[in-house]
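Chemist: Protein chains in written order, with this note's numbering: chain G, 1 to 364; chain W, 1 to 364.
Just so you know, these hints were derived from the structure itself, not from any lab.
For clarity, every value in this text was computed on a predicted model and none was experimentally measured.
Any given hint could turn out to be false.
For chains that are exact copies, the list does not tell them apart, and a pair is met inside one copy or across any two.
Here are the computed lysine-lysine pairs in the PhoX-like style, where the Cα-Cα straight-line distance is at most 25 Å [unchecked claim]:
#1 K83 / K210
#2 K124 / K83
#3 K203 / K124
#4 K61 / K210
#5 K105 / K89
#6 K203 / K83
#7 K58 / K183
#8 K124 / K89
#9 K185 / K148
#10 K203 / K89
#11 K203 / K105
#12 K105 / K210
#13 K183 / K83
#14 K105 / K127
#15 K127 / K183
2 protein chains.
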Amino acid sequence: MKDNKQSEMLPDIRVAVDAMGGDNAPGITVKGACQASLESPLHIILVGDEGRIAFELKKHKHNVSQIEIAHTPEQITMHDNPKQALYEKPDASVAVAARLVGEHKADALVSAGNTGAVILSSAKHIKRIVGVRKTALAAIYPTQNVQKRGDLFSIILDVGANLHNSHHDLVHFAYMGATYASKIKNIESPTVGLLNVGREEYKGGETLSKTHQLLSTLPNINFIGNVEGNELMLGLADVLVTEGLTGNIAIKTAEGVASAAKNLGKMASKQNPIYAIGFMFLYGGYRRLKSIVDYEQYGGAPVFGFERMVIKCHGRSSHRSIKNAIKLAAKSVRDDMTGIISSSIAGYEKDYAMSDMDIKSDFY
Amino acid sequence: MKDNKQSEMLPDIRVAVDAMGGDNAPGITVKGACQASLESPLHIILVGDEGRIAFELKKHKHNVSQIEIAHTPEQITMHDNPKQALYEKPDASVAVAARLVGEHKADALVSAGNTGAVILSSAKHIKRIVGVRKTALAAIYPTQNVQKRGDLFSIILDVGANLHNSHHDLVHFAYMGATYASKIKNIESPTVGLLNVGREEYKGGETLSKTHQLLSTLPNINFIGNVEGNELMLGLADVLVTEGLTGNIAIKTAEGVASAAKNLGKMASKQNPIYAIGFMFLYGGYRRLKSIVDYEQYGGAPVFGFERMVIKCHGRSSHRSIKNAIKLAAKSVRDDMTGIISSSIAGYEKDYAMSDMDIKSDFY
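Given the sequences, and given the hints that come with them, work out the whole structure.
Modeler: If you want it as structure tokens, here you go:
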């Protein structure tokens, strides 16, 4: 989703924003909402402490008719145990925001708060898509895009809604991710890969080899096969499917190594002034590259599997991320993202009939 | 293990080297063996095609009395399906080398060949340590060593001997890794971490939370708790314990991101001459850092769980890696590495009595 100031067709779409969620809430969340109200004709419900939200609203220009406040004094911090915190504070801002969506008083949820609390609140208040047994948290990450298709970003899911998944869950993830990638990257048939320990179809144990087999046969999935960890950054697949445990470890490892690589340049600079000069020269290059791989343009990543759109932003989100996440949520509603996902899963379930099972997050 | 020319106490230690294993075999493997023969009084059995090995031996100075050849015409390539290839070529160099170790005609095995073939050959010919149900492939990787303890390297295991492990297996891995780290890093009580999706002890599902609980209570394990993917490179733990599936994906993802980061500097250089100048200045710094994080000094990483030492080198190993792996194998024999591991596991098994189960690699 690119920033753009032109008015889009987003009439009557209502986005519930967890105003108290995130490292810099409510300052950043309210500022993001204000900007979104100026750029798009959508409606925003800021959920949280009315006094603090009103105080922040006064600081920023916004379209008054498009923003309302739903007051609740309770909130959950980033460090709370989500299950326990939600039990103790059933009226925490994230829970109230999810409830508004569940009661159809809002069409989509945006939160930069505690990930577990977002997932558990959504699971409690928002209906799952029929047939979906496990939800999936997605992450958007920059790649080398070695094949020079589309933009530099890929989507990986699940990275932490659950720990383990069945092969049917993983096929659902493929449909969810592909539908999303198709809409936001504006590509017709996004490539789908399966994160695995080797290229061969028999690799990775029963769940992964069964998933490989299924994905290979489904006509409406553009499956490119298994993708190994060292290929994650190549961007061969627009959508990378994985169980929550492996996805979480893979995406966090990638973050950690990227951050270590950045520190290496700084370390070298400190050791010797001549390296510092080099780093200085190169810094512009890195900055330029950074602007190309600017994932703030995507705002956040969805939690898939619900009948309504749920967007989880990073805890350290800027107001620009929040603004883009709100616009992303509204556009997803306009494009009937969850409806399309729902249809594709219904089609799959019809052909591969299965009994429904209980859903809970085993992650938190 | 640091290079050093001084003669060590390695009398009568015999290392079987899979001379045909690796991308540049037998050229690189023979050259490495030649150098090892000059630096240490160990005995080397080069297993593979006699004619090609003899041809390579002529090229390099070596200690003739310390090197012998065990001829076999068969070999397994890096791209073979290991299970099938071993079935079709029971006398492949890696299998013959493992058999020599199993029959006590050699004390340790070194191979830079097909990882699956090394593990499966070892499993077939070399006895497992009593009580060990799953073997573990280790990887040595450079870290930021943020706590400035010891060297820059950590050990992660399992990264691909198996896919899934029980909590008892993971405790065994902790003993294996800690014994090894203690000897090669020369530290008394290596720190042990558990790769997981969060810091809290209840995280990661049954196997991981049970492992956390066990490791916390064992007096001879210096357990620092769960380590998340983004903390992998910090080097908080000398030994990082994980199931094979997650370990494989984590270590390969780390490799892939590190390689992408390197390419980023080159990409920037191509875009603008001023960045190229910067990269040039910085290059010396990177090279210097590279020499600090020189993992060739370790030669290779063990496959743990056997009564004899098995060292797997990278397929792209240099002759220096092979040389160091051979010396590492001999020193491990001298230090009775597998004996110490065996005792620690016997002690654990006695206190946490369990029935023995069948062992197979579920990875290949």
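Chemist: Taking the hints in turn, state whether each one holds.
Modeler: Quick rundown of the hints versus the structure:
1. Within a single copy, K83 and K210 get their C-alpha atoms only as close as 33 Å, which misses the 25 Å cut-off; across copies the closest is 20 Å, which meets it.
2. When the C-alpha separation of K124 and K83 is checked against a cutoff of 25 Å, the pair qualifies only within one copy, where the shortest distance is 11 Å, while the shortest distance between copies is 47 Å.
3. Taking the shortest alpha-carbon separations for K203 and K124, only the inter-copy value of 21 Å comes in at or below 25 Å, while the best intra-copy value is 36 Å.
4. With identical chains, the CA atoms of K61 and K210 are never at most 25 Å apart, being 53 Å at best within one copy and 53 Å at best between copies.
5. In the homo-oligomer, the alpha carbons of K105 and K89 lie at most 25 Å apart inside one protomer (21 Å), although the nearest pairing across protomers, at 68 Å, exceeds that limit.
6. Proximity of K203 to K83 under the C-alpha cut-off of 25 Å is restricted to the inter-copy arrangement: shortest distance 12 Å between copies versus 35 Å within a copy.
7. In this assembly of identical chains, the alpha carbons of K58 and K183 never lie at most 25 Å apart, being 35 Å within a copy and 64 Å across copies at closest.
8. For the identical chains of this complex, K124 and K89 are intra-copy neighbours only, at 14 Å inside a copy versus 57 Å across copies, given an alpha-carbon limit of 25 Å.
9. Taking CA atoms no more than 25 Å apart as the test, K185 paired with K148 passes inside one copy only; the shortest distance there is 13 Å, against 44 Å between copies.
10. Proximity of K203 and K89 under a CA criterion of 25 Å is satisfied inter-copy only: 22 Å between copies versus 44 Å inside one chain copy.
11. Taking identical chains as interchangeable, the C-alpha atoms of K203 and K105 are never at most 25 Å apart, the minima being 46 Å within one chain and 34 Å between chains.
12. Taking the shortest alpha-carbon separations for K105 and K210, neither the intra-copy value of 40 Å nor the inter-copy value of 43 Å comes in at or below 25 Å.
13. For the identical chains of this complex, K183 and K83 are neighbours neither inside a copy (33 Å) nor across copies (43 Å), given an alpha-carbon limit of 25 Å.
14. For the identical chains of this complex, K105 and K127 are intra-copy neighbours only, at 14 Å inside a copy versus 66 Å across copies, given an alpha-carbon limit of 25 Å.
15. Within a single copy, K127 and K183 get their C-alpha atoms as close as 23 Å, which meets the 25 Å cut-off; across copies the closest is 56 Å, which misses it.
Hints 4, 7, 11, 12 and 13 from the list above are not met by this structure, while the remaining hints are.
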